[in-house]
Every structure is written in C-alpha cells, then in structure tokens.
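Asker: Sequence:
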Amino acid sequence: MEMKPRQAGNVAVIAIEGRFDANTAPPVQRWLEQATATPGARVLVDLSETTFVDSTALATLVSAMKRCQQGNGQFALCGLRRPVLMIFELTRLDKAFNIFVDADHALAVLNA
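Residue numbers (our numbering): 1 to 112.
One should not assume that every hint holds.
[To be verified] Here are the simulated lysine-lysine pairs, DSSO-like style, with alpha carbons at most 27 angstroms apart:
no. : residue 1 : residue 2
1   : K95       : K4
2   : K66       : K95
3   : K66       : K4
[Unchecked claim] Restraint-style ranges between C-beta atoms, simulated for each label pair:
no. : residue 1 : residue 2 : range
4   : Q7        : L90       : 29 to 35 angstroms
5   : A108      : Q69       : 29 to 35 angstroms
6   : M3        : A96       : 20 to 26 angstroms
7   : D104      : A59       : 26 to 32 angstroms
8   : V101      : P26       : 24 to 30 angstroms
9   : T38       : R82       : 29 to 35 angstroms
10  : V62       : M3        : 30 to 36 angstroms
11  : S55       : R81       : 17 to 23 angstroms
12  : P5        : V101      : 19 to 25 angstroms
13  : A22       : H105      : 28 to 34 angstroms
14  : A112      : N23       : 35 to 41 angstroms
15  : P83       : Q7        : 25 to 31 angstroms
16  : L90       : R6        : 28 to 34 angstroms
Bear in mind the hints are in silico, worked out from the structure with no lab data behind them. Please read all numbers here as calculations on a predicted model, not as lab measurements. The beta carbon of each residue, even a glycine, is placed where N, CA and C say it ideally should be.
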C-alpha cells in the first residue's frame, strides 16, 4: 500500500494505492486523525487505485468520517473500483459516505 497525501484548495486529499487492510491501515489512520482534527476540515479519500479494503479499513474510514462530521467538516470518498464499491454496498456504507465518481467531481463540491 502506498499513500499519497496532498492539498487541493481547502481540501486535504489522500490517495491510497494497493491493499487497504489491517496491515496497512495505521499510517492512513494517523493521517486521517490529523486531517480531521481541525473544526470544519474538508477531507477526500481517493480510492481509485485501491484494490482491496477489509473491515479495519472500513472502520478507519467510518471513524474519520464521524470525527470530521462532529467538527462540522466534510468527508468524502471518490473513485471506488467495482470490487471495493461492492464491499461498501454489502455493508451498506455506500449510504453513509458521500461517494463521488472521481476526484474532480468531489473537489468541485468540497471546495465550493
């Protein structure tokens, strides 16, 4: 797994490449904790190059989303490949998250 953090306007973006699972989640979790710590934070997790997510990855994302919402921020996901999207659909987390087709669409909304 490789993570690529960047700033896009007012939005903190992290792209996750490869497997996002129990073994690779800790550095992502630390980054998300920092990114969502500020009230009003806007965070985008780009999963377009993510090939697999497990329950630890899902829990990491749910925790970050809740933290962001508690601070009146915005949290979104984008670029979910079909196998990853299926996991979100099976767990019904596709209803909980703001999910965008790609980063451009997500950033247009989050930076508005």
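Asker: Okay, which hints does this one fail, numbers in order?
Answerer: 5 and 10
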